[in-house]
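Now for the letters of each chain:
There are 2 protein chains.
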Amino acid sequence: MAKKPPYYAVIFTSVQTEQNAGYKEMSQLMEELAKQQVGYLGLDHARSALGITISYWETLEDIARWKQQTDHLAAQRMGQKQWYKHYEVQIAKVERVYSFDALKKE
Amino acid sequence: MAKKPPYYAVIFTSVQTEQNAGYKEMSQLMEELAKQQVGYLGLDHARSALGITISYWETLEDIARWKQQTDHLAAQRMGQKQWYKHYEVQIAKVERVYSFDALKKE
Chain A
5 MAKKPPYYAV IFTSVQTEQN AGYKEMSQLM EELAKQQVGY LGLDHARSAL GITISYWETL
65 EDIARWKQQT DHLAAQRMGQ KQWYKHYEVQ IAKVERVYSF DALKKE
Chain B
5 MAKKPPYYAV IFTSVQTEQN AGYKEMSQLM EELAKQQVGY LGLDHARSAL GITISYWETL
65 EDIARWKQQT DHLAAQRMGQ KQWYKHYEVQ IAKVERVYSF DALKKE
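Residue numbers (this note's numbering), protein chains in the order written: chain A, 5 to 110; chain B, 5 to 110.
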């Protein structure tokens with residue numbers, strides 16, 4: 005992923021309910037939709053007891069626009085009604101990045 | 005977790021190798037150790053194909069100090085030598101937080 009700071013991260017942490025009907029389809033749809041938005045830079049996701057999804061964006065305006073996008077609003081409503089016990093959204097400005105790659109060692 | 009922005013997040017995303025001997029013990033040890041550091045605010049973790057660990061800190065100085073902490077340096081070396089194929093560290097300033105709790109609905 006070619007992201008060069010500064011850029012923005014939306015850190016979405018969630019605890020799911022037992023009602024997950026339609027959840028997987030909706031998250032795939034939202035990922036596809038996010039990719040089409042202006043300013044979208046990428047996404048990281050993992051789930052154990054806690055789910056963490058981080059989406060990356062060029063500006064705060066891009067994030068605000070994505071939050072208000074019609075289909076995404078519908079997904080948020082479904083999430084609150086059915087899929088999530090709890091979630092937290094943290095908006096953060098990424099200031100520095102470094103990485104390690106075993107293949108490039110030495 | 006009582007975190008009030010602005011604060012800082014260290015977003016650690018990783019892909020593991022197949023050699024995970026000692027990894028679990030070391031991550032528990034590092035979590036215990038992180039908790040004892042000045043400025044530590046909390047930690048979120050999830051792992052699927054990708055592992056995501058986010059630690060939260062009061063200031064950038066707290067993060068720099070934790071990065072250089074002796075036992076943590078040893079863990080980083082073990083990580084590069086054995087446990088990780090790839091990892092990325094993103095340092096971000098959390099500017100805004102909001103949450104949803106199903107129990108508090110309506």
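Calculated from the structure, these hints are not laboratory results.
Each hint should be verified, as a subset may be incorrect.
Identical copies go unnamed one by one, so any copy, or any two together, can satisfy a pair.
EDC-like mimics (lysine to aspartate or glutamate), calculated; alpha carbons at most 20 Å apart, straight line [claimed, not checked]: (1) 97 <-> 62; (2) 97 <-> 48; (3) 8 <-> 48; (4) 8 <-> 22; (5) 39 <-> 99; (6) 97 <-> 65; (7) 97 <-> 29; (8) 8 <-> 99; (9) 8 <-> 62; (10) 108 <-> 22; (11) 7 <-> 36; (12) 85 <-> 75.
We went through each hint and held it up to the structure:
no.	hint	in the structure
1	97 <-> 62	both (10 Å within a copy, 15 Å between copies)
2	97 <-> 48	both (16 Å within a copy, 18 Å between copies)
3	8 <-> 48	within (16 Å within a copy, 24 Å between copies)
4	8 <-> 22	neither (38 Å within a copy, 30 Å between copies)
5	39 <-> 99	neither (22 Å within a copy, 24 Å between copies)
6	97 <-> 65	both (13 Å within a copy, 17 Å between copies)
7	97 <-> 29	neither (29 Å within a copy, 32 Å between copies)
8	8 <-> 99	both (9 Å within a copy, 19 Å between copies)
9	8 <-> 62	within (9 Å within a copy, 24 Å between copies)
10	108 <-> 22	between (43 Å within a copy, 18 Å between copies)
11	7 <-> 36	within (19 Å within a copy, 32 Å between copies)
12	85 <-> 75	within (15 Å within a copy, 45 Å between copies)
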